[in-house]
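Student: If you want the building blocks of each chain, they are given just below.
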Amino acid sequence: MTSAVDIASSFIQGAPPGELQEVVKDIKTLTSDDDPALIAKLNPAFERYNEEQMVTVKLPGSSDYVLISKHNKLSSASSRYYDTQTSTSFEFDHTSSKASAAQSYTHETQHSTLIQSILKSLAAHFADHYPPTTASAYTVCATPDDDNQVAVLLSTTKASPKNFLSGRWRSVFLYDPSTGTLGGEIKIDVHYYEDGNVALTTSKKIDSVSVGSGADGAAIVRKIAAIENQYQEEVNRAFVGMNETSFKQLRRQLPVTRQKVEWEKVKGYSLGSDLKGEAKR
Amino acid sequence: MASEAQFDAALDLLRRLSPLKVSNNLNAITTLVPDLTEDLLSSVDQPLTSARCKKTGRDYLLCDYNRDGDSYRSPWSNEFDPPLDDATYPSDRVRKMEVEANTAFDVYRQMYYEGGTGSVYLWDLDDGFAGVVLLKKSGGKEAGWDSIHVFEVDERRGSGRTCHYKLTSTVILHLGRENEAVGSLKLAGSMTRQVEADLVVDNVGGQGKDGGHVCNIGRLVEDMEGKMRNMLQEVYFGKAKDVVGDLRSVAPLTDINQERQAQRDVISSMGK
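Chains A and B are the protein sequences, given in the same order.
Just so it is clear: in the first sequence, position 47 is 47 by UniProt numbering, and no numbers are missing.
Just so it is clear: in the second sequence, position 115 is 115 by UniProt numbering, and no numbers are missing.
What the hints contain is simulated information worked out from the structure, not anything from laboratory work.
Don't take every hint at face value.
As the list claims (entries may be wrong) - With a Cα cut of at most 35 Å, we get these calculated DSBU-like pairs of lysine-lysine:
{"hint": "1", "chain 1": "B", "residue 1": "K141", "chain 2": "A", "residue 2": "K248"}
{"hint": "2", "chain 1": "B", "residue 1": "K55", "chain 2": "B", "residue 2": "K209"}
{"hint": "3", "chain 1": "B", "residue 1": "K137", "chain 2": "A", "residue 2": "K260"}
{"hint": "4", "chain 1": "B", "residue 1": "K186", "chain 2": "A", "residue 2": "K73"}
{"hint": "5", "chain 1": "B", "residue 1": "K96", "chain 2": "A", "residue 2": "K265"}
{"hint": "6", "chain 1": "B", "residue 1": "K209", "chain 2": "A", "residue 2": "K162"}
{"hint": "7", "chain 1": "B", "residue 1": "K186", "chain 2": "A", "residue 2": "K265"}
{"hint": "8", "chain 1": "A", "residue 1": "K223", "chain 2": "B", "residue 2": "K239"}
Claimed, not checked - Here chain B is said to cover these stretches of chain A; the calculated rule only asks that three of the stretch's residues, wherever they fall, bring their Cβ under 8 Å from a Cβ of chain B:
{"hint": "9", "stretch": "77 to 87"}
{"hint": "10", "stretch": "195 to 201"}
{"hint": "11", "stretch": "223 to 233"}
Ideal placement from N, C-alpha and C gives every residue a C-beta, glycine not left out.
With the hints as extra help, turn the sequences into a complete structure.
Tutor: Quick look at the structure:
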C-alpha cells in the first residue's frame with residue numbers, strides 16, 4: 001500500500017506552474033483528519049519540485065527574481081543557493097517558497113571568466129525575449145560536483161488565477177568548454193482551468209550542438225537564442241497543424257450538408273442504405 | 001465519513017493535476033480517503049472504453065451508467081456482459097426511447113464524426129427519466145475526442161406542454177505531436193458545461209411524446225457540442241498558444257517596443 005507521504009509527494013510533483021500552494025491546500029484538506037504532521041514530511045518533495053521546475057523567487061529587499069535549481073545549489077545537503085548575476089547566496093525555504101539570509105557570495109570555479117562573459121550576453125537575450133510581465137530569471141553557473149560544464153538556465157512563470165491560467169518556460173543548457181558543445185532541454189507547461197482542465201506539456205532535448213571550443217559568451221548565447229527561437233516556432237507550427245488537421249478530423253463543425261440534424265426526420269435518414277452498412281463495421 | 005470539504009478539495013486537485021493522469025490521480029485520492037470513492041467515480045469523467053456486443057457484433061461504450069457490478073449492458077441487445085441474474089433494466093417505456101435515441105444518435109455520429117463509436121443509455125427517475133449520450137472518436141495515437149452528455153428530464157416540472165431538461169456535457173480532448181523538430185508535445189484536457197431549458201414536447205413518430213423527447217435531447221446535445229467545439233478550439237489553439245507567447249517572445253522585445261513607440265509618436269504627432 002502506498003503511503004500518504006508518497007501520494008502527497010506525487011501530487012506536489014504534478015502541481016502546475018504557480019499553483020503549488022493551491023495543491024498543498026487540497027492535500028491539507030484531504031489529509032487533515034488523519035495526519036496533521038504530513039506537510040512537514042513533504043520537504044523533500046517540495047525541494048525536488050522547486051529545483052526541477054526552476055521556480056523563481058525575489059530576494060528580500062530586491063525586485064529582481066533569482067531561480068532555484070540543482071545547479072546553483074551550494075551543497076547537496078543545504079538549502080542555500082547562489083546567483084552569479086547578483087553575486088549573492090541565499091537560504092530558500094522549500095515549504096514556504098521564501099528566500100532569506102542573502103549575503104555576498106562568489107563561487108570558486110575554473111570557468112569564472114566564461115561565466116561572466118555569458119552573463120553579459122545573456123542579459124540582452126533575456127531582455128529581448130523574456131517579457132518583464134512574468135516572474136522570470138536566469139543564471140549561469142558551473143556544474144556542481146565536477147565543475148566541468150557551464151549551466152545556462154532560464155525560467156519564466158506566468159500565473160493569472162483570475163483568468164484561470166498559468167504557464168512556465170524552462171530552458172536548461174549545458175555548455176562543455178572542452179568539446180565546445182551545447183546540450184540541454186527546453187520545456188513548456190501551460191494550464192487552463194476554467195470549468196475544465198486543459199494542459200499543454202512539451203519537452204525537447206538538445207543533443208550536443210557544436211558552438212566551437214574556445215567560444216565566448218556572445219557565441220554561446222547566439223546559439224542558445226537560435227535554438228530557443230527555432231523551437232518556439234516549431235511549437236507554434238504544431239498548434240496550427242493540430243488545429244487544421246487532427247482537430248478537424250475528430251468532429252466536424254457542421255455535417256457535410258452544412259445543415260444541422262433534422263431530428264424529426266432522423267428515422268428516415270437511418271433507413272438509408274449507407275448508414276446501415278456503416279453501422280455493422 | 002468523508003466531508004464535503006474533502007470532496008471539493010479532491011475535485012479541485014483533479015482540476016489542477018495533469019488531465020492525462022486522471023485515473024492515477026483518482027486512485028491516489030481514494031487511497032488517501034476511501035470514503036470518497038463512490039462520489040468521485042460518479043462525478044469525474046474519464047476517457048471512454050468500448051466493448052463488442054456478443055449478440056449484435058457492434059461496439060458500445062462503457063461508463064458508470066451501464067455498469068452493474070463487473071458487467072456492462074449493451075445498448076444494442078439490452079443484455080449484460082458477463083450475464084447477470086438480477087440486473088436492473090430500464091422500464092419498457094424508457095427502453096423503447098433508448099432504442100430510438102440510439103438510432104437517432106447513430107445518424108448524428110455519422111454526420112458529425114464520420115466514424116467513431118456512440119452509445120445512449122437511459123434510466124427511470126421518479127419524476128421522469130435520465131440518460132447519457134456517449135460519443136468517441138480516435139485519430140490514431142495523436143488525437144482523441146470523448147463526449148459525455150448526461151441529461152435529466154423532469155416531466156412534472158414545466159407548464160402544460162413543456163418539460164424541464166437539464167444537460168451536463170463534458171468533452172475530453174487530447175492531441176499530441178512527437179517528432180524530431182518539436183520533441184514531445186501534449187495538449188490534453190477536458191471542459192464541462194451545463195444548460196437547463198423548458199422545452200415543448202411534440203408528438204413525433206409512433207411513440208408520440210416520447211419521440212418528441214428524443215428530438216429535444218438531440219437538439220440540446222447538438223447545440224451544446226457545437227458550442228463546446230468552438231470553446232475547445234479557442235482554448236486549445238488560442239489561449240494556450242497565447243500563453244506560450246506571453247512567456248517568451250520570438251520577436252525581440254526591444255524591436256517590438258521601438259515599433260510601439262514609433263506608432264505612439266505617429267499618433268501623437270497627428271493629434272497636434
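Student: Compare the structure with each hint and give your call.
Tutor: Do the hints match the structure? See the list:
1. B:K141 with A:K248: Status holds; Cα separation ~15 Å.
2. B:K55 with B:K209: holds (30 Å)
3. B:K137 with A:K260: Measuring from Cα to Cα gives roughly 20 Å; hence the hint holds.
4. B:K186 with A:K73: holds (31 Å)
5. B:K96 with A:K265: holds (18 Å)
6. B:K209 with A:K162: violated (45 Å)
7. B:K186 with A:K265: Given pair B:K186, A:K265 is violated - Cα atoms ~40 Å apart, limit 35 Å.
8. A:K223 with B:K239: Satisfied, since the Cα-Cα distance of roughly 29 Å is no more than 35 Å.
9. 77 to 87: violated (count 0)
10. 195 to 201: That given contact holds, which follows from 7 residues of the stretch 195 to 201 of chain A lying within Cβ reach (below 8 Å) of chain B.
11. 223 to 233: Per the Cβ count (5), the hint holds.
Checked against the numbered hints listed earlier, the structure breaks hints 6, 7 and 9; every other hint is satisfied.
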